[in-house]
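Novice: All chains should be built: construct the whole structure from the sequences, respecting the hints.
Residue 40 in full-length UniProt numbering is what sits at position 40 of the sequence shown, and the numbering runs on without skipping anything.
By construction, these hints were calculated from the structure, which means they are not laboratory data. Each hint should be verified, as a subset may be incorrect.
Think about it this way: if two alpha-carbon atoms lie no more than 16 Å apart in a straight line, the pair counts; the simulated EDC-like pairs of lysine to aspartate or glutamate are [what the hints assert, rightly or not]:
#	residue 1	residue 2
1	Lys-103	Glu-81
2	Lys-88	Asp-61
3	Lys-103	Glu-77
4	Lys-88	Asp-107
5	Lys-103	Glu-80
6	Lys-103	Asp-87
7	Lys-46	Asp-28
8	Lys-103	Glu-93
9	Lys-78	Asp-107
10	Lys-78	Glu-93
11	Lys-30	Asp-61
12	Lys-56	Asp-28
13	Lys-56	Glu-80
Simulated DEER-style distance windows between Cβ atoms [stated by the list, open to error]:
#	residue 1	residue 2	range
14	Gln-54	Leu-92	12 to 20 Å
15	Lys-56	Asn-76	14 to 22 Å
16	Gly-43	Ile-84	17 to 25 Å
17	Arg-95	Gly-43	17 to 25 Å
Since this is a predicted model, take the numbers as computed values, not measurements. Glycine is no exception: its CB is placed at the ideal position from the N, C-alpha and C atoms.
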Amino acid sequence: MSGDSGGQSTAQKALELLDYVSDITTVDGKILAIMGLITGLSGQAKVSHILFEQAKIHPTDIASLYYYRALVHFHNEKIEEARICIDKSLQLEPRRRKAVVIKECVDMYVPNPLKNNIKLYYKETESESHRVIIDNILKLKQLTRICMR
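Specialist: In structure tokens form, the structure reads like this:
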């Protein structure tokens, strides 16, 4: 979602729908986590953080919670925070394919301070790395759609 009014409008509609659903059902961690994802991707970082923290309190899939948080961090170009969340998600659910793909992209294109002795990684600015990761994720989505036909 972009920062334009169309993206904000879409995010607002999604939040209204989730708000409606939460009014007619018991609020659980998954609804709060999805609300955290939507608000984070629409630029409402503080609200997103609060929703993610509240999601931890309610019964939820914690691996998904960390995965959603990682997506928000990537969107906001906080690569190290995203890396931490992806690692936590994979510790809880090692076979989560989406998280594995993102982890591999990050490890390939973003220098890790803990791997200073490895010289064979692509060095660029964090913003450029973010674009490369997003491009690779979009390509993987296209390939997945083609394979599913």
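Novice: Between the alpha carbons of Lys-88 and Asp-107, is the straight-line distance 16 Å or under?
Specialist: The hint holds at about 15 Å.
Novice: Measure nothing beyond the straight line between the CA atoms of Lys-56 and Asp-28; if it is 16 Å or shorter, mark the hint as holding.
Specialist: Given that 16 Å is the threshold and the Cα spacing comes to 10 Å, the pair holds.
Novice: Can the suggested window of 17 to 25 Å be confirmed for the beta-carbon pair Gly-43 and Ile-84?
Specialist: 21 Å, holds
Novice: Is the Cα-Cα distance between Lys-103 and Glu-81 16 Å or less?
Specialist: This hinted pair holds, its Cα atoms lying about 12 Å apart.
Novice: Range hint 12 to 20 Å: satisfied by the CB atoms of Gln-54 and Leu-92?
Specialist: 19 Å, holds
Novice: Would you mind confirming whether the straight-line C-alpha gap from Lys-78 to Glu-93 stays at or under 16 Å?
Specialist: Roughly 22 Å separates the two Cα atoms, so the pair is violated.
Novice: For the pair supplied as a hint, Lys-88 and Asp-61, is the alpha-carbon distance within the 16 Å limit?
Specialist: 12 Å, holds
Novice: Taking only the CA atoms, is the gap from Lys-103 to Glu-93 under or equal to 16 Å?
Specialist: Distance ~13 Å between Lys-103 and Glu-93 Cα, so the pair holds.
Novice: Taking only the CA atoms, is the gap from Lys-78 to Asp-107 under or equal to 16 Å?
Specialist: Within the cut-off at roughly 15 Å; holds.
Novice: Is it true that the CA of Lys-30 sits at most 16 Å from the CA of Asp-61?
Specialist: 7 Å, holds
Novice: For the pair supplied as a hint, Lys-103 and Glu-77, is the alpha-carbon distance within the 16 Å limit?
Specialist: 15 Å, holds
Novice: Just tell me: holds or violated, for the beta carbon distance of Arg-95 and Gly-43 against 17 to 25 Å?
Specialist: For Arg-95 and Gly-43 the Cβ distance comes to about 32 Å; the hint is violated.
Consistency with the previously given hints fails for numbers 7, 10, 13, 17, ordered from lowest to highest.
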